[in-house]
Every structure is written in C-alpha cells, then in structure tokens.
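K.L.:
Chain order of the listed sequences is A and B.
Using the working numbering, read the first sequence as starting at 1 and increasing by one per residue.
Using the working numbering, read the second sequence as starting at 119 and increasing by one per residue.
Calculated from the structure, these hints are not laboratory results.
These numbers were taken from a predicted model, which means no experiment stands behind them.
Note that beta-carbon positions come from the ideal geometry of N, C-alpha and C, so glycine has one too.
Don't take each hint at face value.
[Stated by the list, open to error] Examples of chain B residues lying across from chain A (beta carbon under 10 Å, computed):
hint: 1; residue: V125
hint: 2; residue: D209
hint: 3; residue: K258
[Unchecked claim] Facing chain A, from chain B, some residues (calculated, C-beta under 7 Å):
hint: 4; residue: Y126
hint: 5; residue: Q127
hint: 6; residue: M184
hint: 7; residue: D255
[Claimed, not checked] BS3-like mimics (lysine-lysine), calculated; alpha carbons at most 30 Å apart, straight line:
hint: 8; chain 1: A; residue 1: K68; chain 2: A; residue 2: K48
hint: 9; chain 1: B; residue 1: K247; chain 2: B; residue 2: K161
hint: 10; chain 1: B; residue 1: K247; chain 2: A; residue 2: K48
hint: 11; chain 1: B; residue 1: K161; chain 2: A; residue 2: K48
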Amino acid sequence: MEQGVEVFRALADSTRRALLDSLFSRDGQTLNELCARFPEMTRFGVMKHLSVLAEANLVVTARQGRTKRHYLNPVPIEQVANRWISKYAARFTSALVALDEQVAADPETEMSRKAETA
Amino acid sequence: MSLTAHVYQIYIGATPERVWSAITESEWTRRYFHTTEFVEPPKPGRPYRTVGADGRPAIDGIIEEMRPPTDRSPGRFVQTWHTLYDPELSDEPPSSVEWTVEDAGEGLTRVRLVHSNLERSPRTWENVKDGWVWILDSMKTLLETGHPLPRVRDDESVRQAVSS
C-alpha cells in the first residue's frame, strides 16, 4: 500500500496529532509519561493511537535498558511535503509563513493592516 | 530539559546491500550527502574523515562498529560524530551516530538512524535535527530513482529573495 495513505489516516485524528505535539515538545517519552499527559484517555487508548502512529512510521520506539521510549519521526511528513512542493518552493513557503507570523505578531503592522482593510 | 537522541526511520525500495553501500561508500555519499565523501574507505575501529566537493572538512570521528547486513542480521554502522564544517559546532564534544539497515520484506529496507550522546552538544543537536530528514529523504530518492533531491539554495538567499 502507498505509505502516504497511512500517514494521512494517522494525522486525521486530533488525539494522535496531540500525541505527536507532545513528542515534538519532549521527544523520547515512555508510555507512562504519555499517559500522564493525557489523563482523559485510558492506557489502552494511548497504546492504540501510538500503534497507528507507529504503523504510519510517524512514531518510532527505541529501547533504553528496560525502558521503551517513543520518538517523533518527521521523515514521512517531509516525504508528503516533497510530493507536492519542490525543495526550493518549500523553503520559500516556510520563509513566507514565517514572514506572515512575524507580521501577525507585530501589533503595529496588525493595526495598519486593519486600517487598510477598513 | 535534557536533550534526547534524534531517532529517524525510513523505508527504502532497495536491497539492504545497496542501502549499505549508499551509507558507507563515497561513490554514493557524494551524490546525496551534501557532496561529502570519505577521505579513505571507512574501517571498523579506525578514525574517519569526510570532506565536501570543495575539499573542505565536514565530519570526523571513529568507526566504532561496521557490520554489513546479512540474511540473518541487520547491518550496523556506528560512528562518532564530530562536526568540522562549522567552528561553533566543532567546539562541542563528539556525539554518536548509529545506522541500522534491515530487510523489511516486500522489497523494502528499513533504515534507522539514531543520533545520540548529544547532551553536551546543544548546537549540534539543533543543527542536525532537520538536516538528517533531508539526507535520508535524498538517499531514498537516489536509490529509488537514480537521482538525489535537488540541491537547496541556502536560507539566506531565499530570505533576501523574499524581502526584496
């Protein structure tokens, strides 16, 4: 099966995206640590979501002694991006996104923007 | 917060033997690894050094383990990693890069890359974080299509292009 399909399916769920966010902010968490961050979910629920993420290759586990740690693997997301965006354009896009965020974060430009549209 | 390892995994439509060559042989690395190549063929237990196409030093360290993949066991290539391409990074202590190359069935090879021992190398940690993603994707593209990913213009020129 095309790998992209699994990636999209895994990312379609907000809980799984939240799990990835959690690993993005702190990579290498154990199952217990992840469960503690999602008290509203059962341990079984967290494990189930993690296995969908692992099947999509978005989460990779590695053993450190007796501890199993979970790591965010960004490679499939890059591959999805490369499918439609050339590397050159991708850098351009991210520069533009950064520029937009910068403008949005600056209250003065935000005000002049509003004035323009008013 | 302590800096943890970076862990990456990619599936490549090539035999483990070809992937192993792509990691350990200069004829391959110079095509996808920012033009870098081994000055001498890497040997287990021996120091190594890589240079870019312009001859500038890139990385050096020791090859700690070098076991090609067989039918029964995955390939392992373990190197210490000391950056030479950026003086700010070369001040930091060597870290560790471990490649594992394993037959994943259905004509695919699973490559796992763990970059660890980065606790005292925060700048290297940050620098390689996204860099490895591009390297792995480029290696996959080269092995599967015969062409690497196109070279990227550096961020600075893009920033200038955007702001002008």
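K.L.:
All the hints need checking, so say for each whether the structure fits it.
P.N.:
For each hint, the structure was consulted:
Taken as an interface hint, B/V125 checks out: its beta carbon lies about 4 Å from the nearest beta carbon of chain A, inside 10 Å. Because the closest C-beta pair between B/D209 and chain A is about 24 Å apart, greater than 10 Å, the hint is violated. The restraint placing B/K258 at the interface with chain A holds, with a minimum CB-CB distance near 8 Å, inside the 10 Å limit. About 6 Å separates the beta-carbon of B/Y126 from the nearest beta-carbon of chain A, less than 7 Å, and the hint is met.
Among the interface hints, the one on B/Q127 holds; its C-beta lies about 5 Å from the nearest C-beta in chain A, closer than the 7 Å criterion. For the restraint placing B/M184 at the interface with chain A, the shortest Cβ-Cβ distance is roughly 21 Å, beyond the 7 Å limit, so the hint is violated. Hint status for B/D255: holds, given a least beta-carbon distance of 5 Å to chain A, under 7 Å. As the CA atoms of A/K68 and A/K48 are separated by approximately 16 Å, the hinted pair is consistent with the 30 Å bound.
Distance hint between B/K247 and B/K161 is fulfilled; the C-alpha atoms sit about 27 Å from each other, no more than 30 Å. With a CA separation close to 28 Å, the supplied pair B/K247 and A/K48 stays within the 30 Å bound. Distance hint between B/K161 and A/K48 is unfulfilled; the C-alpha atoms sit about 43 Å from each other, more than 30 Å.
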